[in-house]
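If you want the building blocks of each chain, they are given just below.
Number of protein chains: 4
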Amino acid sequence: MTHTREILEAAPSVPGFDVEDLATAIDACTDASVACTACADADLAEDDVASLRVCIELDADCADICSATARVLSRRARYDVLLVQRLLQACVRACASCAEECERHAEHHRHCALCGEACRTCQRTCEKLLQAEAFEQVQALAGG
Amino acid sequence: MTHTREILEAAPSVPGFDVEDLATAIDACTDASVACTACADADLAEDDVASLRVCIELDADCADICSATARVLSRRARYDVLLVQRLLQACVRACASCAEECERHAEHHRHCALCGEACRTCQRTCEKLLQAEAFEQVQALAGG
Amino acid sequence: MTHTREILEAAPSVPGFDVEDLATAIDACTDASVACTACADADLAEDDVASLRVCIELDADCADICSATARVLSRRARYDVLLVQRLLQACVRACASCAEECERHAEHHRHCALCGEACRTCQRTCEKLLQAEAFEQVQALAGG
Amino acid sequence: MTHTREILEAAPSVPGFDVEDLATAIDACTDASVACTACADADLAEDDVASLRVCIELDADCADICSATARVLSRRARYDVLLVQRLLQACVRACASCAEECERHAEHHRHCALCGEACRTCQRTCEKLLQAEAFEQVQALAGG
Numbered sequence: 001m002t003h004t005r006e007i008l009e010a011a012p013s014v015p016g017f018d019v020e021d022l023a024t025a026i027d028a029c030t031d032a033s034v035a036c037t038a039c040a041d042a043d044l045a046e047d048d049v050a051s052l053r054v055c056i057e058l059d060a061d062c063a064d065i066c067s068a069t070a071r072v073l074s075r076r077a078r079y080d081v082l083l084v085q086r087l088l089q090a091c092v093r094a095c096a097s098c099a100e101e102c103e104r105h106a107e108h109h110r111h112c113a114l115c116g117e118a119c120r121t122c123q124r125t126c127e128k129l130l131q132a133e134a135f136e137q138v139q140a141l142a143g144g
Numbered sequence: 145m146t147h148t149r150e151i152l153e154a155a156p157s158v159p160g161f162d163v164e165d166l167a168t169a170i171d172a173c174t175d176a177s178v179a180c181t182a183c184a185d186a187d188l189a190e191d192d193v194a195s196l197r198v199c200i201e202l203d204a205d206c207a208d209i210c211s212a213t214a215r216v217l218s219r220r221a222r223y224d225v226l227l228v229q230r231l232l233q234a235c236v237r238a239c240a241s242c243a244e245e246c247e248r249h250a251e252h253h254r255h256c257a258l259c260g261e262a263c264r265t266c267q268r269t270c271e272k273l274l275q276a277e278a279f280e281q282v283q284a285l286a287g288g
Numbered sequence: 289m290t291h292t293r294e295i296l297e298a299a300p301s302v303p304g305f306d307v308e309d310l311a312t313a314i315d316a317c318t319d320a321s322v323a324c325t326a327c328a329d330a331d332l333a334e335d336d337v338a339s340l341r342v343c344i345e346l347d348a349d350c351a352d353i354c355s356a357t358a359r360v361l362s363r364r365a366r367y368d369v370l371l372v373q374r375l376l377q378a379c380v381r382a383c384a385s386c387a388e389e390c391e392r393h394a395e396h397h398r399h400c401a402l403c404g405e406a407c408r409t410c411q412r413t414c415e416k417l418l419q420a421e422a423f424e425q426v427q428a429l430a431g432g
Numbered sequence: 433m434t435h436t437r438e439i440l441e442a443a444p445s446v447p448g449f450d451v452e453d454l455a456t457a458i459d460a461c462t463d464a465s466v467a468c469t470a471c472a473d474a475d476l477a478e479d480d481v482a483s484l485r486v487c488i489e490l491d492a493d494c495a496d497i498c499s500a501t502a503r504v505l506s507r508r509a510r511y512d513v514l515l516v517q518r519l520l521q522a523c524v525r526a527c528a529s530c531a532e533e534c535e536r537h538a539e540h541h542r543h544c545a546l547c548g549e550a551c552r553t554c555q556r557t558c559e560k561l562l563q564a565e566a567f568e569q570v571q572a573l574a575g576g
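Protein chains in written order, with our numbering: chain A, 1 to 144; chain B, 145 to 288; chain C, 289 to 432; chain D, 433 to 576.
None of the hints are false.
Below are the SDA-like pairs computed for lysine to any residue, each with C-alpha atoms no more than 25 Å apart in a straight line: (1) D/K560 x B/M145; (2) A/K128 x A/T2; (3) A/K128 x B/V225; (4) B/K272 x D/M433; (5) A/K128 x A/E9; (6) B/K272 x B/L226; (7) D/K560 x D/L514; (8) C/K416 x A/M1; (9) A/K128 x C/M289; (10) B/K272 x A/L82; (11) D/K560 x B/T146; (12) C/K416 x C/A298.
Chain B is nowhere near these chain D residues, computed Cβ spacing over 10 Å in every case: (13) G448; (14) D450; (15) D453; (16) E532; (17) R536; (18) K560; (19) L562; (20) Q563; (21) A564.
Please keep in mind that the hints were generated in silico from the structure rather than gathered at the bench.
Heads up, the beta-carbon is just placed ideally off N, CA and C, and yes, glycines get one too.
Sequences are here, hints too, so could you generate the full structure?
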């Protein structure tokens, strides 16, 4: 159990997002970031490391983007909705891309199967956040 | 002088981007990240800290996004062009948003003036990267 | 539930540490990092922000050190025991220092109470890792 | 040219360290962090990737620790001298360890030679900071 939701609720001002969705996405981002870092490390220890290069690189990119997203969401995404929207879109893409690659090795490497799972969960929680009302106005303003 | 450009050129495979543009953007991202962190710290030590809350928050978000962008670009942005495009778009927004806020305090706080400068430079270098040919195909595929 | 322990166990080579202790420390580091980031954000929204400056700064330092520690531990701390020992010592100090400050405000600000809790848990899990056999040889070599 | 020194000087309160030493160390940390990330990426693209595993892992650890150190120093290391001391000691070790490994491959891989250089510079600037007067009292208190 993390302290994420409770601490978000204890802040004096409310965020523009559902607190449960926000806490779920933050925890999914940190889980995916750890999973990607551990998966890259495990890939490097495999005999077939040469065939896992793309996996290691996408793991590393995904870990960095998930970590940054967890940070920005932990500040309750209050100050610049467009910034949050674009970061979530990058995070969704990083997770989908990393999961797709990991899923290719899932039968041979259990760490890839687990990392793929963590990335898909993170992808879904970020996609859910992107459906928040807070973003509708942004799309309207952008003439979408 | 940083080692950024030389080390990018020493890698066995070439990136999909102009090496000089890539190195310039990486160095601008790390400079903006340090500037934002130092500006937030300086804001906190000012007498009018209560009026600098938004500046501190945008500084923190911008520092995190610039750091992640520097990391991904240092891997020469080779594996997933769409991921890089979205991250650069998030970074451009974070820098523009932070610079705009810092520029409001630029006359009263020199650290805000300097941070605004660093963010504007980072914004421009990311915008330049976004004009690379590598991204044109992405936009075509997306039906843009 | 995170994927941390399962993914550490799925790696081809075993770490020099008890996997459960390692996974517990990683999850405590990411929880403390999020808690510190969210606590600093909540502090900034409080009316008495000027009296919470030290708390905000220690939160920020602690978040950065916990994030780096989670990363290094996720690589299963295999390659340089002395590096891991020093980083854990820095993380223990960052958590103790941040917790001590947060505990001063715990009665007035629930987010500080929760952040203090997360930091104390992280401190304890890092202290436990520091008692691992892997570190005894290091201390012997250092003439301790 | 970075904005680091100027922005540190623009803050309302002075740090406990020589501003030039502090700015030099921050810029060396960010340079080493980028160099390590780019070196790991280049290692992964080499034909002999299997023999570069340790280099890739130490690069990754060093990048994370240098990034965290740059962040904490950018807050001018004001609030907890012992925390800063321990983090600098971890950073010195990470840089020395990574440089030593990179130097082994320096003749075959120019990116390793360059990364070794960046890490040695970072190591030296952190060692210089550790000699600051601010740390003497800490050692005295610790009975050193």
